[in-house]
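Number of protein chains: 4
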Amino acid sequence: MVGGGAGAFIGAVHRIAARLDDCYEFVAGALSSDPGRALASGAAIRLDPARCYTDYREMAHAEAAREDGIDVVAIVTPNHLHAPVATAFLEAGIHVICDKPLAISTAEGEALAALARRHNRVFALTHTYTGYPMVRHARELVASGAIGDVRLVQVEYAQDWMAEADKQSDAFQHSDWHNDPHRAGPTGCTSDIGTHAFHLAGYVSGIRPSELLAELHAFTPGRMLDDHVQVMLRYPNGARGMLWSSQMATGCENALKLRVFGSKAALAFDQESPNELWLTPQGGSGQRLTRGRVRGAAAEHATRVPSGHPEGYLEAFAQLYRDAAARIHAATAGQPVPEATAGLPTVDDGVAGMRFIDAVLASHRAGSRWTAL
Amino acid sequence: MVGGGAGAFIGAVHRIAARLDDCYEFVAGALSSDPGRALASGAAIRLDPARCYTDYREMAHAEAAREDGIDVVAIVTPNHLHAPVATAFLEAGIHVICDKPLAISTAEGEALAALARRHNRVFALTHTYTGYPMVRHARELVASGAIGDVRLVQVEYAQDWMAEADKQSDAFQHSDWHNDPHRAGPTGCTSDIGTHAFHLAGYVSGIRPSELLAELHAFTPGRMLDDHVQVMLRYPNGARGMLWSSQMATGCENALKLRVFGSKAALAFDQESPNELWLTPQGGSGQRLTRGRVRGAAAEHATRVPSGHPEGYLEAFAQLYRDAAARIHAATAGQPVPEATAGLPTVDDGVAGMRFIDAVLASHRAGSRWTAL
Amino acid sequence: MVGGGAGAFIGAVHRIAARLDDCYEFVAGALSSDPGRALASGAAIRLDPARCYTDYREMAHAEAAREDGIDVVAIVTPNHLHAPVATAFLEAGIHVICDKPLAISTAEGEALAALARRHNRVFALTHTYTGYPMVRHARELVASGAIGDVRLVQVEYAQDWMAEADKQSDAFQHSDWHNDPHRAGPTGCTSDIGTHAFHLAGYVSGIRPSELLAELHAFTPGRMLDDHVQVMLRYPNGARGMLWSSQMATGCENALKLRVFGSKAALAFDQESPNELWLTPQGGSGQRLTRGRVRGAAAEHATRVPSGHPEGYLEAFAQLYRDAAARIHAATAGQPVPEATAGLPTVDDGVAGMRFIDAVLASHRAGSRWTAL
Amino acid sequence: MVGGGAGAFIGAVHRIAARLDDCYEFVAGALSSDPGRALASGAAIRLDPARCYTDYREMAHAEAAREDGIDVVAIVTPNHLHAPVATAFLEAGIHVICDKPLAISTAEGEALAALARRHNRVFALTHTYTGYPMVRHARELVASGAIGDVRLVQVEYAQDWMAEADKQSDAFQHSDWHNDPHRAGPTGCTSDIGTHAFHLAGYVSGIRPSELLAELHAFTPGRMLDDHVQVMLRYPNGARGMLWSSQMATGCENALKLRVFGSKAALAFDQESPNELWLTPQGGSGQRLTRGRVRGAAAEHATRVPSGHPEGYLEAFAQLYRDAAARIHAATAGQPVPEATAGLPTVDDGVAGMRFIDAVLASHRAGSRWTAL
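Chains as they are written, first to last, in the working numbering: chain A, 1 to 373; chain U, 1 to 373; chain H, 1 to 373; chain S, 1 to 373.
If you're looking for bench data, these hints aren't it; they were derived computationally from the structure. We put the beta carbon where it would ideally sit given N, CA and C, even for glycine. Check the hints yourself; a few may be wrong.
[What the hints assert, rightly or not] Pairs of lysine-lysine residues, derived as DSS-like cross-links and limited to a Cα-Cα distance of at most 25 angstroms, are as follows:
id, chain 1, residue 1, chain 2, residue 2
1, H, Lys264, S, Lys264
2, H, Lys264, S, Lys257
3, A, Lys167, U, Lys264
4, H, Lys257, S, Lys167
5, H, Lys257, S, Lys264
6, S, Lys264, H, Lys167
7, U, Lys257, A, Lys257
8, U, Lys167, A, Lys264
9, A, Lys264, U, Lys257
10, A, Lys257, U, Lys167
[What the hints assert, rightly or not] Heads up, incomplete: computed chain H residues facing chain S, CB under 10 angstroms, no partners named:
id, residue
11, Ser144
12, Leu152
13, His228
14, Met232
Turn these sequences into a full structure, and let the hints guide you.
Below, the structure is given as structure tokens:
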């Protein structure tokens with residue numbers, strides 16, 4: 001793991017996710033660039049001090065050189081380090097599991113995609129919400145034609161944490177890397193959660209917009225990046241859509257919601273109730289499909305416990321780790337990518353996300369003009 | 001009543017609404033321009049045949065001339081007749097309760113507003129959803145500062161009836177007046193339900209956008225008017241918003257939903273569950289406020305039965321009739337507009353709706369450009 | 001109408017219900033036994049003073065004698081007057097619409113049933129909740145075999161009004177007729193709302209228990225009647241069930257909920273969300289059936305507006321009035337009972353309710369012994 | 001671990017739960033009494049073959065004798081082995097984590113409790129649902145007086161798996177140990193899930209009934225044990241309650257629901273939506289408290305990820321493991337039981353559960369007589 005020192009939320013989540021299905025052993029880390037913190041963080045999770053690095057390049061070289069070196073690295077740093085770190089490990093022949101967004105520019109992202117392909121390494125991108133069984137099922141339903149032709153996509157991702165009083169301070173605005181274009185990239189809320197919404201919409205609907213129109217906004221005084229974004233979407237097949245994402249949406253916890261309306265039926269998924277998926281036929285009444293009760297290879301592949309025993313965010317995250325493990329095993333054995341892992345987001349999804357960010361920015365700067373994607 | 005002959009849905013609804021609180025007696029009508037249908041429709045509801053007219057102008061004159069003539073007329077015709085009919089009755093000194101949209105052009109609407117003012121007649125516009133006690137309560141909460149400054153407005157109104165197979169036929173497209181620009185006005189879905197969404201958002205939030213950007217769309221082949229509209233909104237105070245409305249939203253019944261996010265709390269209302277209103281403080285957990293349990297003059301004014309005994313659409317509609325009756329009584333008695341009826345939509349709301357339609361059209365035609373409202 | 005003077009909640013509800021579908025004209029009343037209040041209450045609703053009676057017997061005779069006398073009387077008095085008032089009107093040949101419980105003893109109830117049959121008069125009992133379209137639909141689904149053999153019935157009716165501080169006073173306990181065995185009958189909560197729950201369970205499930213076991217309880221100090229009852233049920237076909245009802249259920253508004261589990265599927269209805277009904281097949285996921293979307297003669301007969309336009313308590317009440325009107329018309333015309341009105345509760349349901357009360361009391365007094373019903 | 005060989009659902013769940021918070025290392029097992037299956041099951045999870053036992057007694061002795069022997073054993077066998085296995089390990093000085101029900105008789109249970117006390121070993125009982133943060137929070141709220149005096153307890157646990165066609169076969173009835181009194185104990189559904197409901201009710205409400213009245217039932221032909229139980233409860237403080245539990249409740253997944261009504265407010269928890277808890281004040285509207293948003297030591301102790309990132313069943317299970325680990329650490333260090341682990345169910349809860357089963361049986365056999373508990 002690179003990043004994820006003591007106190008880092010997402011690092012701890014990655015470690016639980018890796019443990020849950022017992023496919024990984026955690027043996028080395030560059031948990032912090034600060035030597036003391038790196039060692040202490042490693043000790044707290046019983047790492048061998050010899051494998052607690054402070055420089056990710058050193059870690060990549062050293063681990064690649066060991067007989068028992070790591071097979072895969074998890075990258076949980078601020079955004080601007082995703083690409084350099086991933087590059088170092090890919091070049092050392094090590095598979096990568098990387099937080100989103102993939103990079104801080106499309107160029108960086110495309111270079112990573114090319115590199116991963118050249119080295120034939122697995123590159124998983126943790127669009128966590130795609131690990132939910134009911135998201136997998138939704139995707140399968142759409143692909144099977146169950147909802148007909150997609151006509152409308154409505155997706156939103158709303159949080160309220162940036163609206164807290166302590167986040168309105170100058171101190172916060174200058175300390176947190178999420179607010180710093182050098183570390184976060186050219187957008188804020190858009191990169192942070194808007195890309196999740198964008199990815200989920202494409203993942204389930206099976207279609208990607210050809211044009212978009214966007215407006216960014218920062219409600220927080222003194223803030224350099226957007227904390228709110230709203231987007232209109234046009235699809236090649238004539239479908240329409242809207243996306244909005246905000247970190248200023250008072251009272252919202254982690255409200256990622258997707259609705260896909262087809263010519264035959266509609267689907268609705270709410271991340272905060274991930275064990276259910278609503279399927280409503282045209283002119284009819286809704287059915288609350290539930291995890292463990294629906295039949296379908298994709299959902300069954302992504303679940304562990306029977307219906308009525310809720311699975312949550314950590315299980316979704318673990319699913320990405322489980323899928324990545326299966327791909328790494330296959331790669332190591334010289335086998336093709338296992339079909340069951342088709343739902344794992346990769347570096348290509350990351351590139352698509354970077355292009356989304358670029359188009360949003362371009363449209364916004366042009367006064368919300370329709371912009372090709 | 002003008003319009004509302006046998007088989008007309010909205011005419012029957014108006015009649016129930018008028019009866020419910022026992023403030024009206026139904027005594028005359030121009031229920032159809034077809035003489036036979038006018039008489040038969042009147043007979044079915046026990047009207048005196050002498051007061052079953054076939055021409056609304058004749059009705060206005062005849063009723064104005066009677067000692068026991070009508071005090072108020074309900075207009076439930078296709079859109080293009082709203083203005084001419086209302087004009088005839090206002091000129092005859094008769095109060096008006098009119099279906100929305102107010103007219104088929106802003107000019108028509110403004111002329112009506114001027115006329116109503118000149119004749120000092122009550123002019124109620126049936127934006128039905130404002131009759132719900134919890135909508136009244138939401139408006140009162142926002143006005144009282146309970147949610148702080150409004151930052152975000154998200155409103156949608158989705159139906160699926162136009163996506164039914166029988167609505168996709170040429171026959172339907174050519175017969176139903178909703179599809180005919182001459183009778184429906186220059187927009188379809190936008191006038192029909194988009195104006196409800198637009199009105200509700202302003203009614204509750206207390207703010208109106210200064211600019212919008214829109215895209216209209218017709219999914220139905222051969223259709224001349226929009227069956228789908230999506231809009232982005234900017235408010236003078238810096239707030240942002242989105243509105244969408246569709247009659248092609250598969251599986252949606254009458255899904256009018258409003259969310260208003262303020263600096264302190266957020267409100268959410270769903271027309272299909274009208275006895276509740278969600279209030280969520282920043283950083284906190286949601287409270288499901290219920291009709292009959294919340295204390296507040298506006299909600300109490302608009303309800304009839306205790307909490308837990310659901311009220312619905314007809315009661316909301318009846319509330320507009322009840323408020324209009326109170327205003328008419330006051331007008332007749334030479335008294336000021338009763339304060340309790342402040343929530344009744346009027347001809348001015350209708351003009352605002354017409355300007356919304358104009359701005360949407362203008363933006364759409366200019367390639368979704370930001371357009372002043 | 002007998003009872004329902006100014007300020008009486010249920011009288012006003014009956015009048016709205018009667019008006020809603022335009023099947024009744026309200027022309028006479030014994031709204032109070034106090035002459036001044038009777039006249040004032042009548043004047044407030046524009047009754048002819050000559051038909052504002054202070055004695056229900058006088059009203060029955062006088063109206064029966066008039067050419068234009070009433071066809072039907074609505075009885076909205078305290079419980080102990082239901083039987084005497086109904087008797088007077090039945091004997092005068094006038095149809096009856098009566099509040100529940102039917103009487104204050106089974107003997108009284110049986111006598112009424114016999115009398116109604118002898119005079120061949122319509123006798124509707126306002127088990128209001130049976131007027132909901134989705135309750136009618138549930139009943140039709142069960143009767144059609146859609147859920148298979150009924151195995152389990154779970155019904156509850158919980159309110160919290162008796163737990164309010166002002167209801168805990170001696171003054172309240174001694175003034176309100178609900179607490180006085182002479183006027184309310186031998187049980188409190190059981191008669192008041194328990195009978196609704198019992199009736200609804202049988203109405204939908206199509207089966208009635210052969211044995212029950214019960215415990216009554218009064219949480220309120222100084223209270224003479226139960227404010228809480230819990231019951232276990234055995235059915236002739238081996239089905240099991242539970243019923244509880246409480247007016248001390250903190251935070252509950254009007255929480256009447258029914259679940260019926262069959263061998264093939266289960267149904268769930270919640271009175272506070274009356275436009276929906278949940279149908280869940282064995283081993284499957286639930287479907288949220290909605291009013292206006294389900295196809296079925298019973299539901300369609302009992303509704304007025306399209307799906308997504310919520311109907312509520314007043315509409316359900318109005319349905320009973322509408323059904324009663326259809327039966328009265330048929331009776332007047334010498335025609336058989338219209339099939340579509342099969343869902344109207346009658347005096348026989350009232351007798352069944354009285355027997356339920358008796359069995360609950362007997363079981364409770366015997367230390368919660370299983371008691372035949 | 002004893003039990004939990006390949007294919008056993010609950011064994012796998014225990015192992016995930018143990019891994020999730022990284023407090024355990026899995027090193028030895030008697031996964032099956034069949035030598036081949038024991039070895040194969042161990043190999044599948046990378047156990048050292050030398051520590052794959054086929055006899056739990058042998059395992060207890062051998063591990064107790066090792067320098068690096070296990071600290072704690074997880075018991076996931078059929079019910080009748082819980083007591084003998086736990087006895088063997090307690091006597092070997094090894095802490096125990098045991099599935100519920102604790103034993104197949106109260107006597108066995110009491111002996112275990114005495115033994116655990118004598119050897120001063122941690123004995124955790126996996127009443128999984130007590131691991132949910134919102135259950136912990138509910139318990140804390142009641143203890144703090146937030147809902148006032150408890151008046152009513154309504155708890156239910158409904159599943160439908162026994163109603164599946166393949167469970168109705170003789171083959172199933174004779175093969176599955178859940179149906180065999182020798183292995184399951186004297187009750188079926190009551191032990192299996194009724195004890196969970198009973199425990200949860202006491203855990204949250206803080207009160208335990210002094211008397212109960214029960215009826216058992218078996219809907220399944222040929223079944224020797226109950227598949228349905230319904231119970232009425234009386235509490236020492238005058239509170240009343242009901243409990244029902246069924247494995248024949250068509251369409252129910254894992255529907256464990258608890259409502260506690262106090263003099264000031266009511267709480268409602270539904271295991272299938274474990275990230276929320278409803279708190280409704282007397283006479284007021286409900287508040288949907290959410291995990292991560294509520295402030296309270298108990299909930300914060302039992303959670304890992306921020307609000308809006310759902311936690312589920314495995315996390316609840318892991319919480320019991322985490323609490324047990326903290327107790328074992330404390331015990332090893334000679335420290336008192338950590339206060340934060342007060343929410344961990346123990347052998348005493350198991351004994352209470354056995355007494356509940358006894359009282360249910362006794363009441364049922366006496367014709368549903370009130371029976372002291």
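Comparing the hints with the structure gives:
Distance check on the hinted pair: Lys264 (chain H) and Lys264 (chain S) sit about 41 angstroms apart at the alpha-carbon level, beyond 25 angstroms; violated. Distance hint between Lys264 (chain H) and Lys257 (chain S) is fulfilled; the C-alpha atoms sit about 23 angstroms from each other, no more than 25 angstroms. Proposed proximity of Lys167 (chain A) and Lys264 (chain U) is supported: the alpha carbons are some 14 angstroms apart, at most 25 angstroms. About 30 angstroms separates the Cα atoms of Lys257 (chain H) and Lys167 (chain S), which puts this hinted pair outside 25 angstroms; it is violated.
Simply put, Lys257 (chain H) and Lys264 (chain S) have alpha-carbon atoms about 23 angstroms apart, close enough for the 25 angstroms limit, and the pair holds. Distance hint between Lys264 (chain S) and Lys167 (chain H) is fulfilled; the C-alpha atoms sit about 14 angstroms from each other, no more than 25 angstroms. Distance restraint check for Lys257 (chain U) and Lys257 (chain A): the Cα-Cα separation of roughly 15 angstroms lies within the 25 angstroms cut-off, and the hinted pair is therefore satisfied. With a C-alpha separation of about 14 angstroms, the suggested pair Lys167 (chain U) and Lys264 (chain A) falls inside the 25 angstroms cut-off, and the hint holds.
Between Lys264 (chain A) and Lys257 (chain U), the direct Cα distance comes to roughly 23 angstroms. Compliance with the 25 angstroms bound is thereby established for this hinted pair. Distance restraint check for Lys257 (chain A) and Lys167 (chain U): the Cα-Cα separation of roughly 30 angstroms exceeds the 25 angstroms cut-off, and the hinted pair is therefore not satisfied. Contact between Ser144 (chain H) and chain S, as hinted, is not supported at the beta carbon level, the nearest pair being about 16 angstroms apart and thus beyond 10 angstroms. Checking Leu152 (chain H) against chain S by beta carbon gives a least distance of about 6 angstroms; that is within 10 angstroms, so the hint holds.
For His228 (chain H), the suggested interface contact is upheld, since its CB lies about 6 angstroms from the closest CB of chain S, less than 10 angstroms. About 6 angstroms separates the beta-carbon of Met232 (chain H) from the nearest beta-carbon of chain S, less than 10 angstroms, and the hint is met.
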